[in-house]
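**Student:** The residues making up each chain are set out below.
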Amino acid sequence: MDKEQIQIKSKESQAEEIEKNISPEKTAEETREEMIATSEKEVAGFENEGEKGLQAAEQKAEVDGFEVGVEDKTALKELDQKAEVAQGELEREITPNELPEKEKDVESKIEKANIVGITKDRNFPGSVIIKTENAEGRMMGYAIRKDSQGNLEGNEIRYMKDGSIGPVYQLHESSFAKLREQGVLEAYENIPTMKDRSAQVPELLDKKEASKKFLAEEREKLAQEILAERKRRREKMQTLKSELEKTGKIIENLDDAAGDSQYGKLSEMQSEEASATAEAFLSENGMDQQEAEDEKDNLEQLIENSDGLETIKQKLEAHYTKADSLAREKFESIQRSVEQTALRSGVFFVHTIQENERFRHNELSNVSSNTTYKDDASILLALEPTISASSVFSGRSEDGKVSGLWSDASGFLLGGGDIRYASRNDLDSKSEGIKKRIVTNTREEKQSIEDIDTAVSKRGEMEAVYVEHNGVKVQEMGTVYNEFIIDNPKVFGYYQSVGVVEDKLFADGKHWVGDESTKYKYQELSRMKGDLDRIKSDPDYYPITPVSQESYDEKLSDFQKKITEYKKRFEEMFSMGNPLYVMDPDRNVYEYLGVNDDGTVNIGRQLTPEDVATGKAGLPVEKRKELGNNILKKAVFKEGKTAKEAEEIIENL
Amino acid sequence: MAKLFLCFQFRGADKFVKDLIVDKYQIAWEKFQEKMNNLRKKQKEVLTRIFEKLDQQKLEAIRKKLQK
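If you're matching them up, the sequences are chains S and H in order. As numbered in my numbering, residues 1 to 653 make up the first sequence, in order. As numbered in my numbering, residues 1001 to 1068 make up the second sequence, in order.
Think of the hints as simulated: they come from the structure by calculation, not from any bench. Careful, some of the hints might be misleading.
[To be verified] Each computed DSS-like pair below joins lysine-lysine, with the alpha-carbon atoms no more than 30 Å apart:
| id | chain 1 | residue 1 | chain 2 | residue 2 |
| --- | --- | --- | --- | --- |
| 1 | S | Lys-625 | S | Lys-112 |
| 2 | H | Lys-1042 | S | Lys-41 |
| 3 | H | Lys-1042 | S | Lys-82 |
Construct the entire structure; sequences and hints are all you get.
**Tutor:** Written out as structure tokens, the structure is:
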């Protein structure tokens, strides 16, 4: 199509059309309806003309290796929007004012809105958009938010047929009452968000602090024992003192023990002092060596055996050793957490779910094969089961490597959890119940923080691993992804993949649904549409690639299905309480803001591992209970004991 | 359009009401048509501009080639 071929309907032809369609016998109501229908048709024709013209231009541009300017495309889109606004205004102007009785009747019959999606849009910061569709298929959105005083405010959004935003109106206070009756506010208020949390900072306490913090009860008991022993000791030492006084020597400052931990040492010194004194005294009194040794032993025994000093010393030592070990354990457990590991290494922890049902639930799975993707998500969010996950770095390494994942399509970003085991390769783990996951081919001993960090450092490379088969170790090639067994995972958000055109020559800076093939499919559809339109106007035209209406319809239907499923999945996950994100092939994560009909995805701010490690994570208890009870009702678990475990988890929340 | 709307017959409505509605519809329709015509004109301008820009780009490319 060339610019001369662009057919724009004239005013006369439109009028003729109406004249043809509207019979002079019609009533005012029928006429009004005809006018509305005709005006809608006219706007659709207008939009179609613009689209056809643009497609023709894009085709021409593609042939010559150029691009149609964004500003021109936007200008065309704006004209479409204006046409829809004009049509809306016409409709309002010719709609008769209802009689008061009738108005009352209408008001009392406010119907529940057909809510088709809940999303966000960067044009409406801080708002949640509840999308609705009326009986005529017209999409409306309500961008609702709260002001600084907590009052509701928002906008009504009219969507264009291509899904873009049309006219936007401010919502007034009175509108909210209607929205409540329609169920729109209920949908807004019932969106759960992840829980707030305070990040634990790993700090290695000294043994005294640890004793106070972790062993307070034992410390109190031990202190009482020490007091009792001190009292007994004082009495015994009084005896010793009397004995020494008899020899003319006095041990001074006997009761000045400096503290609990010093007490044993002091007593030991006193014992030594007593021994030395006895030795000097006895030698001065002309005792022989044997007599002196015997007397010394007697004095030492008096101290050692009768007052239980050693027991106290040992108890103190054991107590502080235990406190020290607890301090280290606590320190390590915090360091071992998902959030601290993410902060330390600058990675995202990701739990992916296979899209392909056959791979998602095989014979090793603890849920039945009819468990849906949504059920899997519910189990994860409600039960926080022990799962496997991988860590990924954003961007590429210097040698161009990208962090690998088990499944590339979609998954959950983990904001918290406890790392039980880490491996640079697939652990071949499988679940046994909910809070238990077993791993084959691994050592059972506890791993150090360094072991975890080594596993995290892997980025995409495939390396040799030793695997034991029937007691024989053999070398095999590992996987491109690492694997972590994580207890009590806390979900930060849900993501789906987006594709980008990697070839620098063809890069368009856009993000495409799923992967970059979406772009090529869209381009192919545009080409086919262009060819079909041209064939209609020029029967002698033969496109380079043969095209038929059937093949076009089939491809268009597949394309639309892919986009709809992507959109629906996001809406489903959002309604469960997950904030939404997208991940590009280089593992960069961005806020998800919506999908367009051409298969492009609108993205927002880029996320950092710190955002995930310190942000809200894990669903509130009430929402976990709700999702958990739904799962229990669905009876997805293969074994009764797993279902029972699930029930107990929900009960104990 | 005036002719179109004046020839309507409204069952059960007296002439006065009919005239009022006709006027209202007619004004609204004419306003809509005026807006649409304006938009068509602008749409044509934008599309023409797009093609002109592409032609210009092509000419530039050819010119550059010839200069080499």
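**Student:** Next step is simple, just say for each hint if it's right about the structure.
**Tutor:** For each hint, the structure was consulted:
{"no.": "1", "hint": "S/Lys-625 to S/Lys-112", "result": "holds (27 Å)"}
{"no.": "2", "hint": "H/Lys-1042 to S/Lys-41", "result": "holds (19 Å)"}
{"no.": "3", "hint": "H/Lys-1042 to S/Lys-82", "result": "holds (11 Å)"}
Consistency with the previously given hints is maintained throughout, with no hint failing.
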